[in-house]
Each structure stands twice: as C-alpha cells, then as structure tokens.
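Throw the hints in and build the complete structure from the sequences for me.
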Amino acid sequence: MHSSNHIVKFTDDTTVVGLISKNKSAYREEVQRLTAWCKANNLSLNVDKTKEMVVDFRRAQSDHSLLFIDGSPVEIIKSTKFLGVRLVENFTWSLNTSSITKKAQQHLYFLWRLRKARLPPPILTMYYRGTIESVLSSCITAWFGNCTISDRKTLQRIVKTAEKIIGVSLPSITDMYTTRCIRKTNSIVDDPTHTLHPHAVRKEIPKHSGPHNQTV
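To get my numbering, take the position in the sequence shown, counting from 1, and add 202.
Be careful, since some hints might not be right.
Stated by the list, open to error - Heads up, simulated DSBU-like pairs for lysine-lysine below, C-alpha to C-alpha not over 35 Å straight-line: (1) Lys305 x Lys280; (2) Lys304 x Lys362; (3) Lys318 x Lys366; (4) Lys283 x Lys355; (5) Lys253 x Lys305; (6) Lys304 x Lys280; (7) Lys224 x Lys211; (8) Lys318 x Lys305; (9) Lys405 x Lys362.
Rather than coming from a laboratory, the hints here were simulated on the basis of the structure.
In structure tokens form, the structure reads like this:
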C-alpha cells in the first residue's frame, strides 16, 4: 500500500482514503488493487453502491475525472454517512447537526410522555442518557470542535429542553465534548501501541462536567 493511502474496514464496508498532492495515480492504483483482491477472493464489489467523495480546499478547483471500476463509472457525491457521522465535502457540520437533532427530538417526545406518566427524575435521567445524550455525543470528539456557534446552540437546546422535562441539571453539550476528549486522551496515554501515545498527556475531567462524569 502506498504511504498516502489508507484503508478502513468495518463489517462489510471498505473505505479507501487517499491523500492526493500531485496526481491520483497512487490512489487509483489502490482502488484497482482492491478490486483485484476482491475478485481473487470471490468477493463481489457492488459498483452501484460504491461512491467517491472529493475533499478539495484549493482556491482554483477543477473538475475531477470519474473513477472507473470494471468499466463502470463511480458516482461522485457531495456528502455521505460514515460510521454514523454525516460527512460533507467541505467538512462543515450543519448536515450532521441536523441529523443528530432530528433523532434526539424524537426521543424528547417519549421523554415527555414518561414525565407525564409520573416517572421519577432518576428514571427519566437514565432514559435521557441512554437515548438522547448517547445520540448527541456519538463520535462527538470528531466533529464538535469545528461546529459553528449556531450548530452548538441547536444541540444545546436539546439539552435545555430535556432539563425542563426532567427537572434536573444536565451536562451541557460542551461538557460532553470536553469529557469525552479527555477520556479519549487518557485512553491513548494507556495504549503504548497508539500512534499518538508519545504526545499524549493525562488529563482530569473538570468537576463542572456534570454529576454523572467521574474524575480520571
């Protein structure tokens, strides 16, 4: 494999990531090698479901030539869903925020119904953490740091609504992000095989991060 390429495998999905600085030859050769490997191992590569997303931050952008697999063109898309996260070609996160908000709002309705059924705050909080906070914080270390202020306010409104329904204070969306970043950093500190291990420094989770977060 060329040093500029990286292959990510998850269940039956395979993603080829290529850093293209001069030309696409190394990246396209990687795709051809993957195609040949699939044939050699009696695996079917569905070209119709194969998509290509080009991230190009150059000021003077040009049209990108199509990638072909077994003579069939691969569709170039502007956004995709990768491991539950909505990725856009310009790496903005409004589409991902919209998707998360829609999921969380659905669970807010059921949280309200549970409150109407007179369930106590501890049970409501447990439901919130399992169905709403888990949605808000999914892969949050990858995207929240580059969210716009508007997107952050949208996500925080979900937390505020849940607080009003339950009647207790909950960790803010920023606290969720901070806590999970620290946990990720500490996991890297504890993993000597991790690429970033030599650069990681153990951190402590701030006490203001909420009653459900523990100090490491």
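Each hint tested on the structure:
no.: 1; hint: Lys305 x Lys280; in the structure: holds, 22 Å
no.: 2; hint: Lys304 x Lys362; in the structure: holds, 15 Å
no.: 3; hint: Lys318 x Lys366; in the structure: holds, 13 Å
no.: 4; hint: Lys283 x Lys355; in the structure: holds, 23 Å
no.: 5; hint: Lys253 x Lys305; in the structure: holds, 25 Å
no.: 6; hint: Lys304 x Lys280; in the structure: holds, 21 Å
no.: 7; hint: Lys224 x Lys211; in the structure: holds, 26 Å
no.: 8; hint: Lys318 x Lys305; in the structure: holds, 21 Å
no.: 9; hint: Lys405 x Lys362; in the structure: holds, 28 Å
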